[in-house]
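Student: Whole structure, please, built from the sequences with the hints as guidance.
Chains F, G, Z and A, in that order, are what the protein sequence lines are.
According to this note's numbering, the residues represented by the first sequence are 12 to 172, in order.
According to this note's numbering, the residues represented by the second sequence are 12 to 172, in order.
According to this note's numbering, the residues represented by the third sequence are 12 to 172, in order.
According to this note's numbering, the residues represented by the fourth sequence are 12 to 172, in order.
Any given hint could be a false lead.
Note that identical chains are pooled: a pair holds if it fits in a single copy or bridges any two copies.
What the hints assert, rightly or not - EDC-like mimics (lysine to aspartate or glutamate), calculated; alpha carbons at most 20 angstroms apart, straight line:
id	residue 1	residue 2
1	Lys100	Asp148
2	Lys167	Asp81
3	Lys84	Glu150
4	Lys153	Glu135
5	Lys84	Glu123
6	Lys168	Asp148
7	Lys111	Glu135
8	Lys84	Glu135
9	Lys100	Glu150
10	Lys168	Glu116
11	Lys153	Asp132
12	Lys168	Glu135
13	Lys167	Asp39
14	Lys100	Glu116
15	Lys168	Asp132
16	Lys100	Glu115
17	Lys100	Glu123
18	Lys153	Glu66
19	Lys167	Asp78
20	Lys84	Glu129
21	Lys151	Asp39
22	Lys168	Asp39
None of these hints come from the bench; they were simulated from the model.
As the structure is a computational prediction, the values presented were derived from the model and not from experiment.
Residues per chain, in single letters:
4 protein chains.
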Amino acid sequence: MTTDAQELPTMAIARSPDLHATTEPWFDYPITVYPHHTDYAGIVWHGTYINWMEEARVACLNSIGIDFADLVKLGCDLPVVELATRYHKPLRMGMQAIAKVRMEEMQGVRMEWECRIESRDGTELYMTGRVVLVSVDREKGKIMRQLPPAVAAAFKKIRGI
Amino acid sequence: MTTDAQELPTMAIARSPDLHATTEPWFDYPITVYPHHTDYAGIVWHGTYINWMEEARVACLNSIGIDFADLVKLGCDLPVVELATRYHKPLRMGMQAIAKVRMEEMQGVRMEWECRIESRDGTELYMTGRVVLVSVDREKGKIMRQLPPAVAAAFKKIRGI
Amino acid sequence: MTTDAQELPTMAIARSPDLHATTEPWFDYPITVYPHHTDYAGIVWHGTYINWMEEARVACLNSIGIDFADLVKLGCDLPVVELATRYHKPLRMGMQAIAKVRMEEMQGVRMEWECRIESRDGTELYMTGRVVLVSVDREKGKIMRQLPPAVAAAFKKIRGI
Amino acid sequence: MTTDAQELPTMAIARSPDLHATTEPWFDYPITVYPHHTDYAGIVWHGTYINWMEEARVACLNSIGIDFADLVKLGCDLPVVELATRYHKPLRMGMQAIAKVRMEEMQGVRMEWECRIESRDGTELYMTGRVVLVSVDREKGKIMRQLPPAVAAAFKKIRGI
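Tutor: In structure tokens form, the structure reads like this:
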């Protein structure tokens, strides 16, 4: 796979505010902090949140009828090409929280997802993040020109369009 | 710990180009891709790069006489408060590469590091990333007002100031 | 911490069959395979199962009123001193399964847990494992002579004694 | 893949002492503990050792001319079917150690490896482990009847036969 991504100095993930549909709902994915998520500081290690962001994204797709494993079997992969996270407050062992995700934008085969990890009552914010995925033809190892029609339809559904 | 980080919509990691010292050298940390680094697609899973960025950073500190474990014992922690990565080309099982890191900026207790993962001959670019750390007083759980003097001196050394 | 564990050549985890209470129930912890759990072979990487075994154990303790994070705060840690797993059939991306755990034996401060990862309908067996934990006094860094009374009582409850 | 592995109650990894060649040398793989290897207790999380055991094994194969990635491309995989570890003394952040590995036995397509993680001066023992691998035909998803000749020859070389 070769991506068109520029080097990071121009890193701000492109995002035109007016394309941003603020009305779509968040998908909630509950998480619990287990020992293997923590580091020497007794808090969740910063890389662990990447796992949860992925789990929430795949569970969200599943909730609208897209089985990610099936997508891969059909020859379509969705690798992450950009990622950004901000850590607001640490999660600690035994805590429970909600990873909220939603697809923000879809431009051709490029999808941008937003994630917020919050306390269950919504009063605490632990992490915010964004991730950009592109759809790749697994056999050719190249970015697809367009999404498979069934996938495109499901993604429109997820965004309430 | 409570950080001042704003939510991600204002996410571009602040970075004034003229504060950027382009002369400091990169620290090279060699990496090899083992099976546990890969995912179903046969390439390195995107979160794995976070591990390598951390390893390279800690090894770089060590190379200038800062033992991170000692720093923690002395009550100073350096949690990641912002992270951004861009994936250019995938690394595959068995490949060897270099994670290059350098500290870009230090503003008070806030340090920004840059990372590039390249082929050993420098002709291929796999990932670029940035990470912002702040120094935290472990006992108080709060961001420090200033770095411990010994640490500040070592960090100046790393940046060739 | 120093443990009394002998080297592995005498590795068979000691277990006298007649001390084995077959009547205690299993605790069921549902799992789903996400991309970060897999490796290049498209199946779950063998080390990932260790995470699930831990999650199931901590969730089981929680179900009988033992909050592991509280236990640690009270100065009691439960490090793993022995681990054994056998892989029967691979789990693949997107699959759901049940990690079943139960405490098999408790001899002083040494606890042995058994784990089975099965399909939800119980017809497929993916992994079997055992883990031995000891309770350690976190401050002294030494194995405890006996469990704190409240913990011992809860553990007896979990084993239906 | 379907393995013939029995359930764990008969778990002791079969190993007839007289087949044990004590003369083969250990392969040394140096390791350093980074923050992401640790857990809330400030020591290396027990599952992290599985990563190091794998890295040492693959590096050992590489040292005798077997590129594991090539082996996989040729259609031969070596999944772990049994694993056992014993934790003697914890490794802590910043520590350096040696993961020593050697192949103990090869019976048909079944290989047993031993691992010891020790201090660099050999005076401290942190972990001992064993792992059993079988060679699997990736296309058929079945255990091979015999190793590919080139692989068998290299494995004999590793064992000094």
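Student: Could you tell me which of the numbered hints above are not met by this structure, giving the numbers in increasing order?
Tutor: Numbers 5, 6, 8, 11, 12, 14, 15, 16, 18, 20, 21 - these are the hints that the structure violates, sorted from lowest upward.
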